[in-house]
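J.: Dock chain Z against the given chain R, drawing on the hints supplied.
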Amino acid sequence: MDMQVSLLDRLFDAGLLIETGVDGLYGRSGQFEDVIAGFERLIDRFGGADGAEAIRFPPGMNRAFFEKSGYMKSFPQLAGTVHSFCGCELDHISLLKCMDEDGDWTEGQKATDIVLTPAACYPLYPTIARRGKVAQTGALYDLQSYCFRHEPSKDPARQQLFRMREYVCVGTQEHVTDFRQSWMDRGLKMMELVGLDVEIDVANDPFFGRAGRMLANNQRDQNLKFELLIPVTSSAKPTACMSFNYHQDAFGAKWELALEDGSVAHTACVGFGLERIALALFAHHGLDVKQWPEHVRTALWG
Amino acid sequence: MNETIRGLLVKFGNLPVSVDQLQDDSDLYTAGLSSFASVQVMLGIEEAFDVEFPDTMLNRRSFASIAAIEGCVRLLTDREAA
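Listed in order, the protein sequences are those of chains R and Z.
Start counting the first sequence at 0; every next residue gets the next number (numbering that gives the first Met the number 0).
Start counting the second sequence at 0; every next residue gets the next number (numbering that gives the first Met the number 0).
Pulled out of the complex, with its shape left as it was, chain R reads as follows (with noise of 0.2 Å):
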């Protein structure tokens, strides 16, 4: 806990992140954001050739399609929603009466229509299955978003708002699959160029309560999931900076994704946890860029 402490107030010290008060919610200063789009280019350079569609959706995503995903099936916890004043000028006056006295004024909030993105990949399903059948032979996404996971915490790891780089790859079991080993062999690669020490192992999402412990223990015991890690305020806990996922037909199912021959498409996923990355390299090479070796600079920046 001292040493995440003692990372966070150094990058608070060095100006890399900007204090907001509120734990993982923070502002990122010119150099940090300098080293995510250095790693976007490298990422860039190892999927660029594939072929995918680039979308970009804004951080929030439609409340209808975010309760049809069954997020808060597994994740409530982390989940978080828009919501507005939507009163009369009676309900005005009311609520800033009730700020005033210090009362609490969010109560009389209503939901929006929007939710904040949970995963990058959340608005694609629903997307991609209006247009229909996906081609027998596969189609491939490329997204990067800002996500929203209410889970505050001083470790600088473990942000509220966060930018997730992802691609998703739709088609048949096999292909996915391929598709999700070649980014593992893609993800040690691109960490060796960038100078980071890294591991890959199985995992489990967060699932809420008993009932996820026992999705966890499924999600493992059925390898869906692997995540690349990395020690960035410990070396004991290695932080997870990428993750490989495969959805089976869940999405697929789910949103009703068929290909060409009719069959359920399965889906698979390749995230990067960008300030994730970034923090890596800070914790690793030090927090002055123009110190880092020079193969890491070439690797980032050409």
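Hints were generated in silico from the structure; no laboratory data involved.
Some, not all, of what chain R presents toward chain Z, calculated at C-beta under 10 Å: (1) Lys72; (2) Asp220; (3) Ala249.
From a predicted model like this one, the values you see are computed outputs, not experimental measurements.
C-beta: ideal position from N, C-alpha, C; glycine also.
T.: Frame of chain R; chain Z shown alone:
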């Protein structure tokens, strides 16, 4: 016990096949039991038999067949009795 378990599979299993057609050792996942449905069945069994599955039994193997579920329930009810 077997009938109660079959009843819970009908209620919570959301299976595309009839539970009556399943043998005690039929693979429930092959029969279409989803991860979420197996959790519902687990919670139903806990209530019906007044038992609590320990973490070590919260896995796919425990719900792989009617016989496997029966084995778990027997183990848990024996434990309660002991």
